[in-house]
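Listed in order, the protein sequences are those of chains A and B.
For the first sequence, position 117 (counting from the first letter as 1) is numbered 117 according to my numbering, and the numbering increases by one without interruption.
For the second sequence, position 122 (counting from the first letter as 1) is numbered 122 according to my numbering, and the numbering increases by one without interruption.
Don't read these hints as lab results, they were simulated from the structure.
Treat the hints with care, since some could be wrong.
Listed below are the simulated EDC-like cross-link pairs for lysine to aspartate or glutamate, each with C-alpha atoms no more than 16 Å apart in a straight line [unchecked claim]:
(1) B:K254 - B:E305
(2) B:K306 - A:E363
(3) A:K57 - A:E363
(4) A:K85 - B:E305
(5) A:K85 - A:E359
(6) B:K306 - A:E359
(7) B:K306 - A:E364
(8) A:K338 - A:E62
(9) A:K159 - A:D110
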Amino acid sequence: MAENSSKAPKTSKPKTVKPVQTKPKRNRQSKTTIPAKTTKTSQLSKQLQQTLDELGKEVSIEMMRMMLLIRRFEERTTEMYQQRKIGGFCHLYIGEEAIAVGTAWAKKPDDYLVTSYRDHGFALALGMSPNECMAEMFGKVTGCARGKGGSMHFFSKEKNFLGGHGIVGGQIPVGTGAGFRAKYLGTDQVSLVFFGEGAISQGSFHESVNLASIWNLPCLYIIENNRYGMGTDVSRVVSIEELHKRATAFSIEGLAMDGMDVFECYRVMKDQIEKCRKTSRPALIEAKTYRFRGHSVSDPGKYRSKIELQAYKDADPINRTRKTLTEVGWLNDEDFKKIDKEVKAIVIQSIKFSDESPEPSLEELTQHVYS
Amino acid sequence: MTEMNLLQAINSALDIAMASDEKVLCFGEDVGGFGGVFRATSNLQKKYGKNRCFNTPLTEQGIIGFANGLAAQGQSPVAEIQFADYIFPAFDQIVNETAKFRYRSGNQFNVAGLTIRTPYGGGISGGHYHSQSPEAYFAHTPGLKIVVPRNPYQAKGLLLSSIRDQNPVIFFEPKRLYRASIGDVPETDYELPLGEAEIVSVGSDITVIAWGAQMEIVEKAGAMAGEERISCEIIDLRSILPWDVQTVENSVKKTGRLLINHEAPKTGGFAGEIAATIQERCFLYLESPICRVAGLDTPYPLALEKEYTPDVFKTFEAIKAAMNY
Ligand SMILES: Cc1ncc(C[n+]2csc(CCOP(=O)(O)OP(=O)(O)O)c2C)c(N)n1
Ligand SMILES: [Mg+2]
C-alpha cells in the first residue's frame with residue numbers, strides 16, 4: 001500500500017567534514033603553497049592534495065570565487081524576487097554550488113551541458129555573465145533568452161549550455177541527443193546531463209540511459225541528489241537507497257561523489273569526462289548534496305527538520321573550500337573578504353544593469369515562435 | 001452556507017467524496033501529508049488514512065496509468081497533476097488508455113471512476129510552465145469529459161459530479177482564482193450537472209462565452225459594455241466536453257452575435273469548435289462574424305503577460321466591434 005508521507009524526515013547526518021590534515025609549506029619559487037605530505041593522510045585528503053596540486057593556487061581560488069559569486073547572486077535574487085522585480089518561479093542552488101563549479105572546471109568548453117530549472121549555478125559557472133542572467137529573470141530583453149523565459153530557462157549557445165528545463169526529466173533525452181550528435185560527427189565532445197533525484201522516477205530517465213548504453217553514447221548522467229523533490233523525501237519514492245546503483249540496470253558504471261566538496265566534484269567529473277571521451281560509454285554519477293533553501297523561493301521548506309538542515313549547513317561547500325584553502329596557506333581572511341566584496345559588487349552591478357535594461361518591445365512577444 | 005475560497009471548496013468536495021464512497025482515493029505528487037502544492041488535499045490523509053490519500057513519485061505517466069488500472073477495477077481515483085503544464089508526460093495514458101478503455105474493450109471495462117484534477121491558467125506571472133491552458137488538446141479526444149469551474153460554488157458541485165460521473169473527467173482548476181475567488185458554498189453534498197452551460201446574465205445584443213478564470217474577465221467586459229447600452233448575454237460553458245450546444249445556439253439565435261473568450265492560444269483553441277458549430281446552426285441569424293478573443297499564438301510569455309492575455313479591454317473592444325459591424 002501507499003507509503004507513509006507524513007513521517008518526519010529522517011535526520012541521518014551527512015558525512016562530517018574532515019579538516020585537511022596537512023600543514024602548508026611555502027614554495028617560494030612558484031609562489032604557490034603546496035600542502036606538505038604527511039604520513040597520516042587519509043585516502044580522501046591524499047586525493048585532495050593531488051587535486052590541489054593539479055589545480056594550483058590561482059585556479060583553486062578562482063573556483064571558490066565562483067561558488068561565492070553564485071551564492072551572492074542567488075541571495076540577491078531572493079531579494080529581487082521578494083521585491084517582485086523577478087517574476088515566475090525561482091529555484092535556488094544555494095548549498096549545491098560545488099557540483100556546477102567542479103564540473104565547469106573539469107569539462108572542456110565545448111562539452112555539452114544541460115540541466116533542470118535549478119540552473120543559475122551552472123549558467124554562472126560556465127561563464128555566462130551575471131548581467132545576462134539577472135536580466136533574464138527581470139524579463140528584460142538583455143537577458144540570456146531575451147527575457148522570454150526567466151529563471152528556469154537560461155541558455156547559452158556560446159557555452160554549449162543547452163539550458164535550464166522546467167519539465168522534470170525533460171532535459172534528459174535532450175542531453176542524450178546532443179551526445180549522439182557528438183558521436184555521429186566524431187567531435188570528441190561529451191554531453192553532461194544533470195537532473196534531480198526526483199527526476200529518476202520519470203520514464204525519460206530510463207529511456208535515455210538505456211539508449212545511451214546500447215548506442216555507446218558519450219553521455220554522463222549526473223543525479224543531483226539533494227534528498228528532496230519538493231516536499232518529498234527521496235527514500236519514500238525511490239526503490240533503492242544508493243541511486244547510482246540504478247546504473248546496473250543499464251550495464252553502465254555507477255558511482256557516487258560528495259556533491260558538497262568542490263575538489264571532489266572536480267576530480268570525479270574530470271576522471272569521468274575524460275574516460276567517457278575515450279570510451280564513449282555513459283555513466284551514472286550520483287552527487288550527494290543538499291539545498292539549503294526551500295524548493296523554490298516561495299517554499300519555507302518545513303518538511304525538513306532544523307537539525308538536519310543545520311547538519312548540512314555545517315558542511316557548507318563554500319566554507320569548506322575556504323577552510324581548505326586557508327589550511328594550505330593559499331587564502332587568509334582578508335583575501336576572502338576581498339573576494340567577497342568583489343563578487344558582491346558584481347552582483348549589485350547585475351541588478352543595476354537589469355534595472356536599467358529596456359523592457360522587451362511588443363514585437364518581442366510574437367518573435368521567435370518560428371524562424 | 002459558509003464562505004470558502006476555491007481551494008477550500010475543492011477540499012470540501014474531496015472530503016465529501018471520500019466520506020461518501022470508500023472507492024474514492026486521492027493521490028499525486030506531495031498530495032499526502034503535505035496536502036499538495038496548493039493545499040487542495042489538506043487533511044485528507046489525516047482523516048482517511050495513508051491508504052486513501054497518498055504521495056506518488058514524480059511520474060505523471062505513472063500516476064495516470066496507475067489510476068487507469070485502479071479505475072478499470074471499479075475504484076474512483078482522483079489523481080492530481082500538480083500543474084496542467086505537467087500533464088503532457090501523461091498524454092499517452094490519457095488519450096490512448098483513459099479515453100478509449102470502454103470503447104476498445106467493447107464495454108467490458110471502463111475507467112468511469114477516474115477524475116484528473118489539475119490547476120491551469122495564467123495571470124500569476126508564472127511564465128512558460130506554470131500558466132498554460134491545455135483544454136483544447138483533450139477536447140480533441142472522444143471518451144473524455146472536460147470540466148472547468150469559475151468559482152467556489154461551481155467548483156465544489158462540479159467536482160462532486162465529476163468524481164461520481166460514469167466517465168473519466170479532466171477537471172481543470174483555475175489556479176489564479178484559488179485564493180482570489182471567495183463565495184458562499186453549502187457545507188453539504190450537492191452536485192452540478194456536467195455538459196450543461198449556465199447563463200450567468202441574460203442579455204439581448206451579443207452572446208459572450210467563456211469558462212473558468214476568464215468568466216471574471218468577460219463579466220467585467222459585459223459590465224463595461226452595459227454602460228454603453230450594449231446588453232450582453234454571458235454564458236459559462238462549464239463543460240468543454242461534451243459542451244452544451246443547445247444553450248449557446250438558443251442564445252445566439254436570440255442575440256445574433258457571438259464572442260468566445262479563452263486564455264489558450266487562438267489557433268486550435270476550443271473557440272474554433274464553438275464558432276464552427278454555431279455558424280452551422282445559426283448562419284441566418286448572425287448579424288456579425290463570430291469573434292474569438294484568445295491568447296496569442298505564442299508560448300505563454302514571462303514578460304508582456306498582460307499584452308498576451310485576452311483581458312477585459314480586448315474583450316470590450318471586440319464586443320463593440322461586433323456591435324458596429
Ligand atoms: C513533469 C513535471 N512534473 C512536476 C513538476 C513540478 N516540480 C518541479 S520541481 C519538482 C521536484 C523535482 O525534484 P528533483 O528532481 O529532486 O529536483 P530538485 O528540485 O530537488 O533540484 C516538481 C515535482 C515539473 N516541473 N515537471
Ligand atoms: Mg531533489
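Now the hints, each set against the structure:
1. B:K254 - B:E305: The given pair, whose Cα atoms are some 35 Å apart, is violated under the 16 Å limit.
2. B:K306 - A:E363: 14 Å, holds
3. A:K57 - A:E363: 49 Å, violated
4. A:K85 - B:E305: 14 Å, holds
5. A:K85 - A:E359: The given pair, whose Cα atoms are some 12 Å apart, holds under the 16 Å limit.
6. B:K306 - A:E359: Roughly 13 Å separates the two Cα atoms, so the pair holds.
7. B:K306 - A:E364: Satisfied, since the Cα-Cα distance of roughly 14 Å is no more than 16 Å.
8. A:K338 - A:E62: 13 Å, holds
9. A:K159 - A:D110: 7 Å, holds
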